[in-house]
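Asker: Sequence:
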Amino acid sequence: MPKQFLKGIDRQGLDKGVFFDRRFTVDGELNPDFILNQPGWQGASFLLVGPNFGCGSSREHAVWGLRQLGIRALIGTSFAGIFNDNCQNNGVLTVSLDDSSFGRLSQLAVNPDSNRITVSLETCEITAGTETLPFSVSALKREMLAGGEDAIGWTLQYLSAIEQFEAQHYGQKPWLKRPAASQSAGRNG
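Here the sequence shown stands for residues 1 to 189, where the numbers follow my numbering.
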């Protein structure tokens, strides 16, 4: 995503920045040669991507833009670590397939009219034509994606249990709890 799309944190208008130099001509028109601008591919909800996809993209802007573009899943053989985490925290499923399965899926995806491809988080399967490819996703990641939650939202589900633990823990070891004034002042307060 070009730098001009990375200035804000409001998450607005980032869909235009996704694959910007390929999706648009130098005149700002849609590039008819770019696959997502072609009939059959417009409105795609997942992408087949190359190895180590997202490498060099440590900002969340790229994932925000993908979400705004309508992308809900990325299927590849590997993903850059920070990018993969950003996807999980922003509701985009990343599926890592072995080279053989990815190659087969890529062949089936060449013509969107002859092979409808679906990605199911519920069954952890990709269906393409008559072929089914299983994939794995951790139970936590699956729960967060299904519930539309990031790590903070997921943690907040357990707020009462956390507060109960803290009350018991600090009740048994009160010397570990900082005075209220120190807590609000930060680590060095």
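No lab work stands behind these hints, which were simulated from the structure alone.
Fair warning: there could be bad hints in the mix.
[Unchecked claim] Distance windows between CB atoms, simulated:
id, residue 1, residue 2, range
1, 50, 6, 18 to 28 Å
2, 161, 131, 41 to 51 Å
3, 167, 70, 41 to 51 Å
[To be verified] Simulated pairs of lysine to any residue, SDA-like, Cα-Cα distance not exceeding 25 Å:
id, residue 1, residue 2
4, 16, 90
5, 141, 3
6, 141, 77
7, 177, 147
8, 141, 52
9, 3, 121
10, 7, 33
11, 16, 85
Every residue, glycine too, gets a C-beta built ideally from N, C-alpha and C.
Asker: It remains to establish, for every hint, whether it holds in the given structure.
Answerer: Evaluated hints:
1. 50 x 6: 18 to 28 Å: 22 Å, holds
2. 161 x 131: 41 to 51 Å: 43 Å, holds
3. 167 x 70: 41 to 51 Å: Holds - the Cβ-Cβ distance for residue 167 and residue 70, about 45 Å, lies within 41 to 51 Å.
4. 16 x 90: 18 Å, holds
5. 141 x 3: Violated, at about 30 Å.
6. 141 x 77: At roughly 18 Å apart (the allowed maximum being 25 Å), residue 77 and residue 141 satisfy the hint.
7. 177 x 147: Violated - the C-alpha atoms of residue 147 and residue 177 are around 33 Å apart, more than 25 Å.
8. 141 x 52: 19 Å, holds
9. 3 x 121: 33 Å, violated
10. 7 x 33: 29 Å, violated
11. 16 x 85: 22 Å, holds
When held up to the earlier numbered hints, the structure conflicts with 5, 7, 9 and 10 and fits the remainder.
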